[in-house]
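If you read the sequences in order, they're chains S and D. No gaps in the numbering here: position 305 of the first sequence is 305 in our numbering, and each next residue is one more. So our numbering is basically just the index in the second sequence, starting at one, shifted up by 1000.
Among the hints, erroneous ones may be present.
To be verified - Straight-line C-alpha distance at most 30 Å; calculated BS3-like pairs for lysine-lysine:
id, chain 1, residue 1, chain 2, residue 2
1, D, 1008, D, 1069
2, D, 1069, S, 255
3, D, 1008, S, 237
4, S, 33, S, 255
5, S, 355, S, 224
6, S, 43, S, 33
Worth flagging that the hints you see were computed from the coordinates, not collected in a lab.
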Amino acid sequence: MRPQAALIGVGSLPPQRRTEGASTLGMLARAAKAALDDAGLEKSCIDGLLVGPQVGETPQHVPATVAEYLGLQPVMGNVVDLGGASGPGMIWRAAAAIQAGMCETVLCVIGNHRNPEAPRSPNRNPIREFDVPFGASGANISYALLKQAHMARYGSTDEDFALIAHWARANAQRMPEAIFHGQPASVAEVLASPLVASPLHLFEIVMPVAGAEAVIVTSAARAKGRRAAYLLGAGEKITHRAVSQAPDLTSGPLKPSMARAFAQSGLSVERMSLLSLYDCYTIMVATTLEDSGLCPPGQFGAFMRAHDFGPEGDWPLNTHGGQLGYGQPDLAGGMTHVTEAVRQLRGSAEGRQIKDAEFALVTGNGATMSEAVALVLGAEP
Amino acid sequence: MTDLSTLKVPGPTEIPLTRPFWEAAAEGRLVIPHCTACDQPFFYPREICPHCWADAWEWRQASGQGWLKSFSMVWKPGHPGWAPAAPYAVGLVALPEGPVMLSHILAPAPEVGMALVLAPTDIGGRVLPAFRPA
Chain S
1 MRPQAALIGV GSLPPQRRTE GASTLGMLAR AAKAALDDAG LEKSCIDGLL VGPQVGETPQ
61 HVPATVAEYL GLQPVMGNVV DLGGASGPGM IWRAAAAIQA GMCETVLCVI GNHRNPEAPR
121 SPNRNPIREF DVPFGASGAN ISYALLKQAH MARYGSTDED FALIAHWARA NAQRMPEAIF
181 HGQPASVAEV LASPLVASPL HLFEIVMPVA GAEAVIVTSA ARAKGRRAAY LLGAGEKITH
241 RAVSQAPDLT SGPLKPSMAR AFAQSGLSVE RMSLLSLYDC YTIMVATTLE DSGLCPPGQF
301 GAFMRAHDFG PEGDWPLNTH GGQLGYGQPD LAGGMTHVTE AVRQLRGSAE GRQIKDAEFA
361 LVTGNGATMS EAVALVLGAE P
Chain D
1001 MTDLSTLKVP GPTEIPLTRP FWEAAAEGRL VIPHCTACDQ PFFYPREICP HCWADAWEWR
1061 QASGQGWLKS FSMVWKPGHP GWAPAAPYAV GLVALPEGPV MLSHILAPAP EVGMALVLAP
1121 TDIGGRVLPA FRPA
């Protein structure tokens, strides 16, 4: 079944390097209010609620806690726990819940603070038992292993990868809220930034920030007369958790997810006006470009050299700066790729608007290139 | 080179199911689960075989050989306890038996594809199954 839904409101809190005494709930509420205002709706219209996991502050009963805080009494509520793919994953679930008759209008909201005392998850699972004791804590090492594998298999170079970070920083100069607004980076500067986990340099890694993103989804029928973007296709796949269990190091679950999303929409990647691609690390964009079919496996470097990725370019890519330029507001980072696509398709991306934007590919990615969601959005139903 | 045995780092969070793996490691041996129903090895140990869901599996001694599928030299460790050892290498070790495991790689300049051999190493007060160039 083709997913059918309209994204009628978006709200984003500006990324902040640090917060003091903020609450996740408070930030979610601010983003939700912004999305509701953007949609021009009354809060009583919201009868569905999708939220992300909240390590530390609210480990359980998250939808009830968020609903209570916002004064909502939804008839459908759930947690979407797909790491960086959670945001895009919410959009397809919202559409499915609406199509199934569970509810009519869904608030999808996700975000986190950056208070000094960050809660840590007390994991007691296989990744904690079989990876951490050898010195492999955190996502940087996993993506370093993926980048090294790509370089070893295809001969891709640090310069190839640095182009991705360079373009993210370049596009962030058109986005005043971006954490790296005012700080462009040349390829040489990316390569001169310190190695964090070889072969990953600091500028190839997202900056963690506080932030929150919200999207209001309703039926295409209910969206009539409103400025909306439309869900035309979606795909999802989960393949593993720990990088040692990855079925493939140079291609990921986004490949079948994107293929499914394109098949549902009846569109090909060549029709996209915007590539809104999850970019926690440069390697993630490289693999996604190759998995999308835009370039052959191993050839993303040639693709990066052949095109212009700015809003006026031939392949607009992450016009909000991507997370590499905008900052990564924790789990909401993945949702920034949705909210930017909606703004572009509705013609409200001030100062960075793509001319006549028709279609957008949005990708979300979680854990170790192991949780994937792809969406095709359009300016018309 | 830093004496890894003195590091204050998180050790294995073993449970009864996984204890034989860590006990063998402490003796300098590498054992991995092998499903007796579908005749396939797997790693890490699980309650049931991830290939066929049979609960009939046994520990089998691995050869201790492997090759390096990928690696990273870690300059900024995710856990502060590892800072005195940085830069150090971790990598994905493809075992000839089939499974891939993440391990500590005792090599100053690893290369993808290099042959490795088991190198039981005291890390933070416990002997763990690290690897070194063969």
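How the hints compare with the structure:
Between residue 1008/D and residue 1069/D the alpha-carbon distance is near 28 Å, which keeps this suggested pair within the 30 Å criterion. The hinted pair formed by residue 1069/D and residue 255/S meets the criterion: a straight-line CA distance of about 22 Å does not exceed 30 Å. Taking the CA atoms of residue 1008/D and residue 237/S, the gap is near 38 Å; set against the 30 Å cutoff, the hint is violated. At most 30 Å may separate the alpha-carbon atoms for a hinted pair to count; residue 33/S and residue 255/S exceed this at roughly 35 Å.
At most 30 Å may separate the alpha-carbon atoms for a hinted pair to count; residue 355/S and residue 224/S meet this at roughly 23 Å. A distance of roughly 9 Å separates the Cα atoms of residue 43/S and residue 33/S; the hinted pair therefore holds under the 30 Å criterion.
Checked against the numbered hints above, the structure breaks hints 3, 4 and satisfies the rest.
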